[in-house]
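> Chains A and B, in that order, give the protein sequences.
Counting along the first sequence from 1, when you hit position 451 you're at 451 in our numbering, and nothing is skipped either side.
Counting along the second sequence from 1, when you hit position 396 you're at 396 in our numbering, and nothing is skipped either side.
Calculated from the structure, these hints are not laboratory results.
Take these hints with a grain of salt, some might be off.
Unchecked claim - According to the in silico footprint, chain B covers these stretches of chain A (three or more CB under 8 Å from chain B):
id, segment
1, 80 to 87
2, 96 to 109
3, 143 to 157
4, 301 to 312
Note that the structure is predicted; figures quoted are calculated from it, not measured.
Just so you know, even glycine gets a beta-carbon here, dropped at the ideal spot from N, CA and C.
Protein chains: 2
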Amino acid sequence: MFTPGCLCQCKMCRIGGARYCQAHPACGVPRDLAGRTAPVQVPVDPRQVVRSLAALRADSGSHSPGIAQIERCLPGLVRVDACFLANPYASAEVMTRLRAIAPDELHRMVAHYPSQSGSVARVLAPHLAVDPDLLFVANGACEIIHALLSRSSGTLLISVPTFSAYYESAAGPVVTQRLEPHDGFRVDLAELERAVERHHPQTLVIITPNNPDGAAIAGAQLVAFLHRIAGRVEQVIVDESFSHFSTTETPSTVADLVRSLPNLIVVNSLSKSHGIAGLRLGYAVMSPDRVASFRHAALWNLNAFAEWFCLLLGQPGFQVAYERARRRYVLDIRDFVAELTTLTAVTVFPTSANFALMEVDRPASEVVGALLAEHGVYVRDCADKRGLRGDRYIRVAARGAEDNRRVVAGLRDVLSRPVRCSPARTKSVERRRAAHPDPAHADSALVPPLRLPRA
Amino acid sequence: MFTPGCLCQCKMCRIGGARYCQAHPACGVPRDLAGRTAPVQVPVDPRQVVRSLAALRADSGSHSPGIAQIERCLPGLVRVDACFLANPYASAEVMTRLRAIAPDELHRMVAHYPSQSGSVARVLAPHLAVDPDLLFVANGACEIIHALLSRSSGTLLISVPTFSAYYESAAGPVVTQRLEPHDGFRVDLAELERAVERHHPQTLVIITPNNPDGAAIAGAQLVAFLHRIAGRVEQVIVDESFSHFSTTETPSTVADLVRSLPNLIVVNSLSKSHGIAGLRLGYAVMSPDRVASFRHAALWNLNAFAEWFCLLLGQPGFQVAYERARRRYVLDIRDFVAELTTLTAVTVFPTSANFALMEVDRPASEVVGALLAEHGVYVRDCADKRGLRGDRYIRVAARGAEDNRRVVAGLRDVLSRPVRCSPARTKSVERRRAAHPDPAHADSALVPPLRLPRA
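Go ahead and model the full structure; you've got the sequences and the hints to work with.
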């Protein structure tokens, strides 16, 4: 069944006798494990790129396909991954230290079992200035999100648009509060409190800054809100995964409220802030009984490289280097967003995160396809994002300063062309949406959760 | 809170103002992230080593503490990790290729999101000669084990002693079938079938070869048994994690029965066979609806190194090298077990795995402590293994030929000494056990599951 020449391993490649699927612009391009590829000749046909991306998305649910998947289908095409929401300067600091691991130590890391989550929590806790008994270290924040939501059969209250893993993991009904573009997608806490009164949710999720729009809730307002709803919601999840990008000062957190508000669960991902998505590392600060339950379920959930990284965080030299990388990146983000606002034919929404949500004047897929095919720039098409009206939103992540310039130049080029899509097509999209309205567009609509058969 | 001089981070180290806990023989020994340590002066006091190991076990539940944890408390002490059940020759083959990853590719692996589990399944499936729709790729086999057992509120039927993660994950009652030392811990399939009739379990677990004894069920007998109980148990889990060590020929599997027996779930861990426990990689072959449900719950569950390894498995050059490493190791295991049987004062049980269960003539903790303190050899004390009577069992893993000689020499030395433990103490242990009998010692006893608060 194995097709030696092609690593995309799509259905067509796996037909008996077939060597290459030919479904992708570069299917069959030899590629070795060291990642050396014969790069695709750019420009390639943007429509073919759009089709390839659509096929890849089928593997990834409501998320973007990973860069490794794209590389298998479109090798060498992506030069700037502006879909990806992480600090590249922090990645570089980590890589310098990862490459310096002594061969014997690396061998031991790969060959042997890592430590259990509880043991790693004791290493990470001092760095986060939290009690180890309140800390669960996870195989990425998604491990925590799914566990919290899939165990709760009560109502989930969440604002949309937002990170889809929360409502897709929900075992019970989902009530959504719609965020509006004309408000800059800001959460109205008074309205959210009324929704708590009305729907008695078992779980409330607040992501600040939020994804895909980057809007943040001011720290003091959030603290006051959490105190006001204390005891009225069983699980109050505050996701701070993008907080490190919002300020050059020390990022704020509500993790220190967990002792006094035992229903509070503060989730964070180190993938974005520290640029280590490949290592899978996230955490939750929550009540000791929740931590104990999570640890019981998470046998050897962390890999050796994630454990190594937790030790690295304790090194004063790395702490200084990381803080420098973080501040440098925050300044770059500000420059980048300022540049984006100079583009014509777009609306850029205010952001406190390391990306900007933009509304463009043509279907997002056209922009995404042309950017990737002609400029090697990969951005997020948000047409599938629940709670975003229309198919014209893209999310563009800040990278390093040089890459950011390429992204802006690519966008300026693509958006300077006449709009191909006829008004008629736009109207047909609107008609289709009117016939099958996204339930998230009705304020606080009751949406049945996605249900899959259980093993 | 952080104590720069000491990385063990135990409770004593975290007392305000303390720098070193002094609770471990080498607490406070400076150690950098490259793993360079000032090794402990051996011999150290075996009783102190036993106490340190006992403290570490508190972190690890019913499992052995990881080598990284031991290194943090007892740096430089372990020279041969004969607790660890993996093929060292396979590890070496992987390491050669891991070190050859190009810097750019390594950077991309660490910084970016890996592919989703379903995409990685399509890469791994051809290597396993299974349909990708039947394959779930996991963050270690434990991810699968916990998900299968924690979702099932019905009865679990399992033989003991065995791998504790199965019964510890059970959400419902556990019925155990006791394996007897005088039978070489072999599973009596006729008796197991009667237990299925009697207890109507929702889940049946069969581990072959079994851990900690290494006894295997003959392939043809297992296939006939699975057909006989078809449709009578909702989840029939067959764990083949040690099958690669049982023969120099192609290892047998029942994975090809999953299409015709949809209740069958075949679990495997690549940690042991391929020596990559630090990467966290396991899989299950099961019905497509189960696979879909698992994939829904497992967002970005695999790290970049695990994904890289699945691609490596498809490389013909690596396949040849792995098979050579596997056959060499199988021959070494046979030599090692033959050597163990020449020791006096022990019983070595027949094994088809890469370890041997031994009954020694004194408390296991004494043997384990002396071996580690005086010979740098770390073996598994099985005193806590449910279903094993008494505190005199150790499990000794085969490593490479040279290390195996050290293990045998160490055991020969330690076991040649007079027994320190007085008969009176042995009797007190027996009295304590009689007062609080292990429920697993009653044939097919109904045992309440371990329950922890749920988040």
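> All hints are to be evaluated individually against the structure, with a verdict given for each.
Hint check results:
1. Here's how the segment 80 to 87 of chain A fares: 3 of its residues keep a CB closer than 8 Å to some CB of chain B, so the rule of at least three is met and the hint holds.
2. Counting residues of the segment 96 to 109 of chain A whose beta carbon lies closer than 8 Å to any beta carbon of chain B gives 13, which reaches the threshold of three, so the coverage claim holds.
3. Counting residues of the segment 143 to 157 of chain A whose beta carbon lies closer than 8 Å to any beta carbon of chain B gives 7, which reaches the threshold of three, so the coverage claim holds.
4. With 10 residues carrying a beta carbon less than 8 Å from a beta carbon of chain B, the segment 301 to 312 of chain A meets the three-residue requirement, and the given coverage holds.
This entry satisfies every hint, going by the numbered hints stated previously.
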